[in-house]
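Keeping the supplied structure of chain Y fixed, place chain Z with the ligands upon it in accordance with the hints.
Quick note, the sequences are listed as chains Y and Z, same order. If you use full-length UniProt numbering, the first sequence corresponds to residues 1 to 272, in order. If you use full-length UniProt numbering, the second sequence corresponds to residues 1 to 168, in order.
Because the hints were derived from the structure by calculation, they are not lab data. Hints may be right or wrong, so weigh each one.
Partner residues aside, some chain Y positions facing chain Z, computed with beta carbon under 8 Å [what the hints assert, rightly or not]:
#1 Met1
#2 Tyr6
#3 His32
#4 Gln102
#5 Val103
#6 His105
Incomplete in silico selection of chain Z near chain Y, CB under 8 Å [said to hold, decoys possible]:
#7 Asp41
#8 Thr42
#9 Gly46
#10 Val49
#11 Lys58
#12 Leu63
No residue lacks a Cβ here, since even glycine has one placed at the ideal position from N, Cα and C.
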Amino acid sequence: MYEFSYLKPETLEAARSAFEAHEGARYMLGGHTLLPAMKARLAAPEALIDLAGIPELKGIGRTGGTISIGAAETHFDVSRNSELHAALPALAALAGSIGDPQVRHRGTIGGSLANNDPAADYPSALLALAGTVRTDRRAIPADDYLQGLYETALEEGEIVTRIDFPVVPFAAYAKFLHPASRYPMVGVFVARHEDGEIRVAVTGSGSDGVFRCTEIEAALEADFSADALEGLALDPDLFMSDIHGSADYRAALVPVMARRALRAPGTASIYK
Amino acid sequence: MAHVELTVNGRAHRLACEDRTLLVTLLRDALGLTGTHIGCDTSQCGACVVHVDGRAVKSCTMLAAQASGSAVTTIEGLADGERLHPLQAAFREHHGLQCGYCTPGMIMSGVDIIRRHEGVLDEHIVREELEGNICRCTGYYNIVKAILAAAEDYPESAAPLKAEPARV
Ligand SMILES: Cc1cc2nc3c(=O)[nH]c(=O)nc-3n(C[C@H](O)[C@H](O)[C@H](O)COP(=O)(O)OP(=O)(O)OC[C@H]3O[C@@H](n4cnc5c(N)ncnc54)[C@H](O)[C@@H]3O)c2cc1C
Ligand code: FES
Ligand code: FES
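The shape of chain Y in the complex, shown without the other chains (with noise of 0.2 Å):
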């Protein structure tokens, strides 16, 4: 790694001027994706600015209809997490989904969603919950958060301090894994919230990220089951094909992994 400076501010406050002291500075909560970039050389800060000591980023807590997640929780913590547990156990169950044991102890919720990383497995459910992130600066809903591969609506500057999850009847997820970097190659988050609005968002194979599957959604609609998937085909166009998958078998997965999460509601199902 190149050198660079590592600060760690104890307030928002002084995370914020850190930010502004430092010429080329970069936020990091578990430095699980920023460490192996900067090792790579695919990223070269001048200062890193360690926001997990930050009171305002930790703590999981209920509020009536809302779940308020800490951007600086583990995926291991949001994972165990027993209020959570009993609200949107998809959403625990998710979060013990993700990479492996030593990385759900390091990685967080708000790196992750900070990153937007295409094949990343929280975007999907923030989306699919119309979550809201909250910033030092405004609360952002979801959809407009989530801005195509690795983008945000976050700002120069800006520090994801929480974000809230409403609680809603079902929720599920069901993903097929890479073969070679056990990211999900096809992520398929489904939601149906308190207000009767099903929203199903597609992780892992998209060719502009995360995004929300209307025409599973529309189907949904008609009838919310897994049956009513069967025979379903979806435009390859929206999907990436690489060397591990055509586009047309990532269309054809993208049913499948549906009809997996919509047969197994409150759990993440991994497949490989």
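Relative to chain Y, chain Z with the ligands alone:
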């Protein structure tokens, strides 16, 4: 320069290092604890796994400065003098290693698996939980067998022999 204060295998250290120093580099080069290996340096193989505040982490993917204030346990911290930790003994008994390169990471991950599952394991769980550890020699069969055998010795096998019981 970073000033890092941490406890390693029960001993307190105060060290100065570059801000970019990885935890694994600090352990190996500054403290001479070369039992922790570097296999890939790309967060994939798990040869570098140590426990930070009781949790298994890849020490090649953590800055030494991030570990300041923490308690770190390495493979050297498991045994009590000549008395092997139950998982070390099980690896010996069940031939859980060949070249030995992955072994420190396998054992640190294994102890973490036994701890998180409170000793209640089956072959499927162990194989899933070893997702982050790669062995290019053994085919995993005897590694899994060793972890299952040591799980029978829960809770002794879930923490270093000399330490107070780790939190779940
Ligand atoms: C071996 C391995 C396997 C993995 N497998 C998977 C997988 O299967 N599925 C998956 O989804 N992920 C996977 N990951 C990624 C992992 O989940 C990352 O931990 C996560 O994506 C990023 O979280 P982090 O806390 O480590 O972020 P960091 O690496 O600390 O930061 C990531 C990015 O977000 C920015 N950032 C961090 N915090 C904030 C903040 N509060 N406000 C604004 N910007 C911020 C940083 O500047 C950086 O650009 C894997 C990683 C590894 C190493
Ligand atoms: S050396 Fe750290 S994971 Fe391979
Ligand atoms: S024993 Fe050789 S890599 Fe595992």
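Hints versus structure:
1. Met1: The hint holds - Met1 (chain Y) has a Cβ within 8 Å of chain Z, the shortest such distance being about 5 Å.
2. Tyr6: Hint holds; Tyr6 (chain Y) Cβ to chain Z Cβ min 4 Å, cut 8 Å.
3. His32: At 6 Å from the nearest chain Z Cβ, His32 (chain Y) passes the 8 Å test, so the hint holds.
4. Gln102: Since the shortest Cβ distance to chain Z is 5 Å, the answer is holds.
5. Val103: With a closest approach of 6 Å, the Val103 (chain Y) hint holds.
6. His105: 4 Å, holds
7. Asp41: Holds. Min distance 7 Å.
8. Thr42: For Thr42 (chain Z), the interface hint holds, since the closest Cβ of chain Y sits about 6 Å away, which is under 8 Å.
9. Gly46: Given a least distance of 7 Å, the restraint on Gly46 (chain Z) holds.
10. Val49: 6 Å, holds
11. Lys58: With Cβ-Cβ at 5 Å, under 8 Å, it holds.
12. Leu63: 6 Å, holds
The structure is consistent with each of the numbered hints, conforming to all of them.
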